[in-house]
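Based on the provided sequences and hints, a complete structural model is requested.
With this note's numbering, letter number 415 in the sequence shown gets 415, and the count goes up by one each step, no holes.
Don't read these hints as lab results, they were simulated from the structure.
Hints may contain errors.
[What the hints assert, rightly or not] Taking lysine-lysine and the DSS-like style, the derived pairs with C-alpha atoms no more than 30 Å apart in a straight line are:
| hint | residue 1 | residue 2 |
| --- | --- | --- |
| 1 | K308 | K340 |
| 2 | K396 | K386 |
| 3 | K173 | K356 |
| 4 | K32 | K245 |
Please read these numbers as outputs of a predicted model, since none were measured by experiment.
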Amino acid sequence: MNLSKIILFICIATVTLVSCKKEEDLKAKEEKLMKEQLGSTKVDFYKAMKITVRSTAAMPDDPKFAEARKNMLGLVTGIFRYSVAKDGTINTDTTSISVMELVAMGKSFYSAKDVLLNTDEDSLPTILDNILYLLGSKEIQSTKNLTYFGSYNGNFEHAILGAIWFVTPSAPKEFCLYELHKTDEDKIADKEIMVTTKLAKSFIYLDNEYYWHSKERSDQYLQTVEDNKEYFLKNPMLNLFEEVKIATPEQQYYQLHSLGYVMRALAEEKMDMQDEADEDLGLFVEEAEKGGGDNELVWMCGAYINIKKENKDKALVYLGKLEKSDKIGEPERKAVTEIKSYMNDRDSKKALTKFKDKMAILTITFDLMKSRLAEIKEMQQFKTSKEGEKFYGFQKSVNDQSELINSLESSTNVDSLSSKAKNLVKDFFGPDDKKDDKEKK
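Printed below as a string of structure tokens:
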């Protein structure tokens with residue numbers, strides 16, 4: 001080996017080591033920040049609520065846990081009214097509490113939640129198990145053979161809750177992050193839910209600025225879809241691009257695979273991996289168009305890549321389509337017109353600066369993913385079932401009253417705290433008819 005080759009080898013090895021070290025440092029930094037975010041009061045309260053629900057039909061034999069759960073029952077009157085005795089009898093807790101007692105419970109929340117959080121929520125029956133139990137099945141394992149989900153367990157439920165929080169933009173983003181981060185999607189047998197979870201994870205990590213984790217999940221998503229290409233060709237998942245009225249299995253495969261490229265590109269750009277990001281955006285456009293894609297996301301990425309390549313004619317084609325779109329706002333449309341004029345003047349530098357300033361690829365990607373995630377067949381079947389209605393009711397009510405979590409930190413507004421607590425998820429398992437009758441009288 002001559003000297004020049006040795007020097008080249010050393011340079012390549014050095015750059016590789018520096019790059020690996022940089023990524024490992026970023027990974028460690030993100031893991032530290034994520035641990036702090038998932039250890040917040042907001043997430044602790046959410047987990048404590050879930051543990052209280054999941055212990056409804058299988059209360060741990062621990063007096064301290066029972067007392068802590070009772071405090072949570074009081075704190076969120078109406079949400080967890082039920083407990084199951086050792087003989088299987090379902091008891092309803094109709095205890096009323098004063099406002100001052102409620103405030104005291106809010107202040108004692110920190111000690112109560114510590115007891116509850118010592119219990120691994122996945123050691124308890126799932127929320128859906130408890131709903132089915134109280135609806136009359138009386139079999140804790142009844143969710144094992146749900147026709148629309150196949151095999152359902154705690155891990156699967158984390159993915160389902162994560163997906164529901166993902167398509168609820170008004171929800172605290174920590175809830176979605178908690179559920180998806182806790183999900184081990186590789187243990188989910190349902191391939192559609194498994195790859196969807198990987199993609200949703202990539203996005204939620206990106207949205208929380210955990211770029212290394214987002215890129216890693218995008219890498220996994222792309223590889224998993226490739227490894228299961230034959231499956232997805234034989235079992236088309238869904239048509240991701242609504243403009244394609246009748247998509248072939250091959251088109252649906254390209255649609256599915258292409259999303260991994262755009263998600264990875266968004267993460268790479270944040271990690272100062274611009275060359276890699278540009279390559280992935282180009283691959284996204286190529287595969288999306290093979291899948292019949294002719295929409296704002298394709299046009300935006302296509303315009304960006306061709307502006308950067310100073311390919312005026314191709315850039316103007318994509319920009320022309322964007323300019324006529326009724327799905328972008330007036331400020332964005334004006335920006336597109338301005339970018340077109342820069343391209344016609346062959347000033348690609350100004351065009352690129354304006355594009356980066358005004359075009360929100362991330363927002364359009366999220367809107368596409370959100371709308372399609374909600375259309376997954378299994379999710380639709382679950383949502384319209386009796387137990388699914390209760391499950392979604394729990395999630396919606398938690399979201400509607402999530403401000404209570406912030407109130408716990410100060411408990412300064414007694415009337416507000418009382419009102420929120422008394423209404424939080426009041427119809428999770430249905431109203432207490434006896435109590436309602438008494439109130440009417």
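*Can you list which hints this structure breaks, lowest number first?*
4
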